[in-house]
Amino acid sequence: MRDAGDTILKVAITGNPNCGKTSVFNALTGLNQQVGNYAGTTVDKKTGVLAYNKTQQARIIDLPGTYSIYPRSKDEEIAIDVIINPQSKEASDIILVVCDASNLKRNLLYYSQVADLGKPVILVLTMMDIAKKKGLEINLVLLSLHLGVKVVAVNPRNGDGFDKLKDAIFNTGHLTQNKLIDIYNLAPQLIEEVKKDHPNYTDFQCFLNLYKTQREKLDDVLSEETIKRYAAIKEVLADCVHQKNLKQSEFSNNLDKILTHKIGGYLIFLFILFIIFESIFSISKFPMLWIQQSFTWFGNYFAQHFPEGPLNNLLVNGVIAGLSGVIVFLPQIVLLFAFIAILEDTGYMSRVSFMMDKLMRRVGMNGKSVVPLMSGVACAVPSIMATRSIENWKERIITIMVIPLMSCSARLPVYTLLISMIAPDKTLWGLFNVQGLILMGMYLVGFFSAIAAAWVMKLVIRAKEKNYFILELPTYKAPRLKNILITLVEKSRTFVWEAGKVIVAVSVILWLAASFGPGQSFTKIEEKYKTDFYLNNFSEKEINTFQKSEKLFASYAGHFGRIIEPIIKPLGFDWKIGIALFSSLAAREVFVGTMATIYNLGDDSNSMNIRERMMEERDPVTLKPKYTVTVAFSLMLFYAFALQCISTIATVYKETKTWKWATIQFLYTSGLAYLVSLVVYQLFK
Amino acid sequence: MQTLRDLKKGEYAIIQEISDNSLKLKLMEMGCIPGEIIKLSHIAPLGDPIAIEVQGYKLSLRLSEAGSIMIEKTDTEISKNKTTTF
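Same order as they appear, the protein sequences are chains Z and C.
Quick note: the first sequence uses the working numbering, first residue 1, plus one each step.
Quick note: the second sequence uses the working numbering, first residue 1, plus one each step.
With the rest of the complex left out, here is chain Z (with noise of 0.2 angstroms):
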């Protein structure tokens, strides 16, 4: 941080979605970006530091992307209460108002309205390659007169006019732009009424506060300003550009017709589909294990070599373990979001949502929900991030009610291990493997129940306001490959930081809990493995699984699971898997970590073993195998319905601000996956 007395300047970026605003801030500021939130939300705040000279720096803000100064969405509001409330912490000295050169009518018509909020104002002209491309010829100089404001033309893509840009920034001290419409005679009553209140406030501020105060008295004002400016715009843009020949950009209409083709349409989206999920199994599957093996590399070095004790095992099992049980999801999700990131970046999702919209409105969704519930494959927590784009409260809600219903990869290693032990690994008529087929058919499950959820959501929930879809479907455009790393990154460290946290926590907490007993339990039972009886008999390897064993059940966690027993034995369940349901908790994934700890194997979690171990399991009174295929599909219906996921619930807290939602969906999950279990076990035992 530079001295109070040091002034940094401060400067917003703002402008319409799709404008390629974020490539202008990724121009500006490099890598040079720090990714934080605005207070008390979910919403990611992205800063960066650009130097002029040595003395000379500018701290830069980039805003979520909005159409109007007039918010519906979440991450519209913002935006504009960054650049319009005085009393904002990112509060800025100049706004640079990014537009799309190709589509300049719709994007000036913000401009307009920020250059009225009464602060300096650069103009910054993208996609000019475009706007050629369709037979536009735009006259800068002549922009800037008109407007009163410097206009500047850049190119992200091979740093074009950023020198410009710069210079621009570091010399543009006051205000020089030009009215384009008469604000003050639009409401002249209403907004005298104001100043009494507000002396310094210009015209449109005051105009701005009646809209937060009093928006009912404005609404006919509000449409006649739109008008207005529109006209204005429309008068400037007459002098400004020039259509050389009526081009319409041929290749966007014609992938269009491709790509939303009554049948290709939705073959195509099915495929790249395929694609995505094909390549996230096969190609993840490597670094996966590499990241596994390097943390037990690393848990043993650690345990080895430093002094034992009950510090070192709760940094080897509580904190390395736990660490690794978020780090091993990275590579499925750093994939998933580099397809999703390259689909939204070349304008081919906003197609998907136009091809959906009428099949998720059904259940009470938006074409705009597709995205979130296809991330919430990898996992809950970006994807409840991701509805913040849905305007209609409603369908945001029912979004996110559903998206843990989507089977995450959480749910795989567990599903992985049960299969294997009640399927065969054999292939059927030469093409589909069974173990495969029934994972596939657990996706199937998840994605079904979360579309009837939602169905009966939408007859549940009350709507707020009125629903409503209207999207901009953007050029097609080639993904700009830096966009996309600087968003991967971002997501990954955002999944690290907010999944991590949490998983962490609750691994020590677990730890705890399996590694304490009441009393003096735990002393009694290390006394009984010292007698000559055990010492002559077994191995000391032997000895430590017994030992362990006997721990566990002796332990917090032990009695815990003993103490939900009687609630779990009708779905088939017994105190093992009740103590592995609770530790599922910090992340799915833990369950077969558990397993591995309840079955005496100690550090040896390969799930091979597991798997054996547990299907030598039997009743203690039939003395039948205890995992019969009906427990086990008990189980896996139980982990594919129920909310066993702390990120999630405090995600669902974050963005719905109350802990109403966050409950309901606890419970809600909770009581399907007895329920299902419940019946699958009592009918097919």
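Please keep in mind that the hints were generated in silico from the structure rather than gathered at the bench.
Be careful, since some hints might not be right.
In silico DSSO-like links for lysine-lysine, alpha-carbon gap of 27 angstroms or less [unchecked claim]:
(1) Lys464(Z) / Lys358(Z)
(2) Lys80(C) / Lys477(Z)
(3) Lys73(C) / Lys257(Z)
(4) Lys464(Z) / Lys482(Z)
(5) Lys24(C) / Lys74(Z)
(6) Lys257(Z) / Lys8(C)
Label-pair distances were calculated between CB atoms; the ranges are [said to hold, decoys possible]:
(7) Met440(Z) / Pro34(C): 31 to 39 angstroms
(8) Asn433(Z) / Lys9(C): 43 to 51 angstroms
(9) Thr176(Z) / Gly47(C): 45 to 53 angstroms
(10) Gly30(Z) / Lys8(C): 45 to 53 angstroms
(11) Ile14(C) / Glu235(Z): 51 to 59 angstroms
(12) Ile258(Z) / Pro34(C): 54 to 62 angstroms
(13) Asn200(Z) / Lys9(C): 49 to 57 angstroms
(14) Lys8(C) / Lys244(Z): 29 to 37 angstroms
(15) Lys9(C) / Glu192(Z): 22 to 30 angstroms
(16) Lys8(C) / Glu235(Z): 40 to 48 angstroms
The beta carbon of each residue, even a glycine, is placed where N, CA and C say it ideally should be.
Guided by the hints, dock chain C onto chain Z, whose structure is given.
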């Protein structure tokens, strides 16, 4: 009066007014201003939503929203040359 729902794919029209007050501002901000020439460029595979060309870009909206946009159909050939793409 006809609404945007009555427009067929490829046809042009002039926006007359927007009847739904709750959507009026949003639609106008997105460029659906009375007097503007629009073209129905796409219909989603299931018949809804639709996409129009307005102010030189593509905007998709549901049929229910299209129903609140009052239009007057115009001749395709004349409109083609009148529409601006910026």
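(Q) For a quick check of understanding: which of the numbered hints are violated here, in increasing order? (A) Going through the list in order, the structure violates hints 4, 7, 11, 12, 15 and 16 and respects the others.
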